[in-house]
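Following the hints, position chain B against chain V.
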Amino acid sequence: MWKENIKPALKEAKHSLHIIRQSPLTMIGIGIVLGFILIVIFAPSIAPYDPYEINPPGFLQPPNSQHFFGTDECGRDIFSRVVYGSRISLKAGFTITIIAILVGSTIGIVSAYAGGIVDDILMRIADIFLSFPWIVMAMAITAVLGRGITNAVIALSIVWWPIYARLIRSQALSIREMPYIEAIRALGAGKLRIIFIHVFPNCLAPVLVCASLDFGRTIMWCAALSFIGLGAQPPIPELGAMITIGSHYLRESWWYATFPGLMILIVVLGFNLLGDGLRDILDPNLRR
Amino acid sequence: MKIWQYILKKLIFLIAVLIGVTMLTFFLSHVIPGDPITLALGPMATQEQRISFHEKMGMDKPLIVQYGMYLNKILHKDLGVSIRTKGAVLEDLLTYFPATIELTIGAMIVCIFFGIYLGIISAVRKDQPIDHAGRIFSLIGVSIPIFWLGFMLLILFYGTFNILPGGGRISPFVDSPTPITRLYLLDSILTGNWVAFKDSLYHLILPTFTLGFCYIALISRMTRSSMLEVLHQNYIQTAKTKGLSEKAVIRYHALRNSLIPVVTMAGMLFGQLMSGTILTEITFSWPGIGLYAQQSIMYLDYNAIMGFVLVVAFIYATVNIATDILYVIIDPRIKLH
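Going down the list, the protein sequences come from chains V and B.
Start counting the first sequence at 68; every next residue gets the next number (the working numbering).
Start counting the second sequence at 11; every next residue gets the next number (the working numbering).
So here's chain V without its partners, still in its complex pose:
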């Protein structure tokens, strides 16, 4: 009996997999993201050295068999630092995106359902936040809160929530008018039940696409803040901060700034490919 209930869901899943398999770029994206997550989880096993362990005599070595990415000015192994730095970046990126989604969704749904002046005020506030280039806003907030990666995460979450608020709000507004919501209401469902069980889950498709793209973007922007000097401070092996220090040794030790940035590029590329692929799956216009 339960097999009958699952059949349509299985069919959907099969079809989605088919669409994914047709796009080699999406497969590459999924591969990169999975690889990255594995690296992050198994960082202690993968990194051959302690990222904080200094070895002054062995400073600024070019890539060799003992140090795949070379060493930095304190003799620390750059490969290990990149591996652990990816951990930090991923944690930061995920945190920012999740907070933005949670806060943004709440405000978006409240705004959509409250309507009237509450909706107006909330959306005006969102517009004001969106009227800054993100970096200016983040700079201002971290200037006030102080440097450090926690404050960078807070600053970027504040920058990011309006995007999800507007997204969820417009989705909720259009779904609210759909016939099936009216039908459920006619069947006697209470408002809260309608919101949480019916409206909200159906808003999630664009949120999923945006989130997968954002995981990559937040990682990049967190690195950018560290690059400016506002995020992670040395000796924390954050990818952006490493590029900053590496820039001072650019002429002689090209490997210092190259590898952290390459990691950022690959990771963001992976999430972008994943997001594009998700968009293709979830876009009803492209189905069948």
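Read the hints as simulated data drawn from the structure, not as lab findings.
Where is the CB? At the ideal position from N, CA and C, for every residue including glycine.
If a hint is listed, it holds; no wrong ones were tucked in.
Quick list of the computed label-pair ranges, beta carbon to beta carbon: (1) V/G125 x B/Q305: 27 to 37 Å; (2) B/L73 x V/S83: 51 to 61 Å; (3) B/L18 x V/H315: 45 to 55 Å; (4) B/L166 x V/P301: 21 to 31 Å; (5) V/P301 x B/E101: 33 to 43 Å; (6) V/A80 x B/L73: 55 to 65 Å; (7) V/P91 x B/K20: 37 to 47 Å; (8) B/L254 x V/L105: 47 to 57 Å; (9) V/H315 x B/E101: 28 to 38 Å; (10) V/P129 x B/G176: 19 to 29 Å; (11) V/C141 x B/P182: 30 to 40 Å.
Here chain B is said to cover these stretches of chain V; the calculated rule only asks that three of the stretch's residues, wherever they fall, bring their Cβ under 8 Å from a Cβ of chain B: (12) 190–203; (13) 283–293; (14) 308–320.
Only some residues are given here: those of chain V computed to face chain B with a beta carbon under 8 Å: (15) M206; (16) A207; (17) V211; (18) L297; (19) T325; (20) L336; (21) N339.
Frame of chain V; chain B shown alone:
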């Protein structure tokens, strides 16, 4: 709704956003850590000096009044004094601004030129290898960290090949052109100073290309999809049946109509470029307002930081609204509800 009603609505919205921005910067300047009086006067100030400063700045008055004073100062072009440069913040920003403008305009030219070209080719040769190559190029463009790209290009063109300078706006041994617009390229053309022109141009190449690269993707994708939409229209088919060559069709019919969204995209691009410009300036030691802002942050020069935030937000909001209005004016198909 007529066009002028729409414009009025947008202008009112702009003013509301600008006021909101000032509220935000006011709020931020009041939650800065540390004692503002000590920050301004130094730790050696006497009690009398502190009291008179407290009164002069109106710190005993209610917050609303303080906000009013703050707003009044802004309207009178007073953004405070920088504790780092000891000059007025607004003056500092105006000094550094032309460099940023030059970089942004240069990047926009690069971006639009290559972006549109790439977009047209991708659209006309849809699904052929060059389209796929374009797509991958775009993907890399949006995924690459600007600051990293800058350094990689520096390693390549400055370090290895040594054909381009390693940063700054002009070589130390070349005098900057007579300041008319403060845009080095323009000024050197206007004064016939070819040495400065050549030198500034060389210095401009890497930063503008770095900044533009990341947004070429945006423009080319937009051009491509817009062009594809136009190419499917009936009038294109008619033109082809009339015997027009493919090149002529593109140039006289398709291009003009597909450029409408791109023109408005250019407006939004300007705002986006302002974000990228900060990172690019730091990478190439380009003396623009982005570099000024970073140095102010390192120095904890709050007046300068808030002044910077205010100015950039103003420009950004204004450009966005102007783009919205422009879009409505240019596109004859838009019907305002």
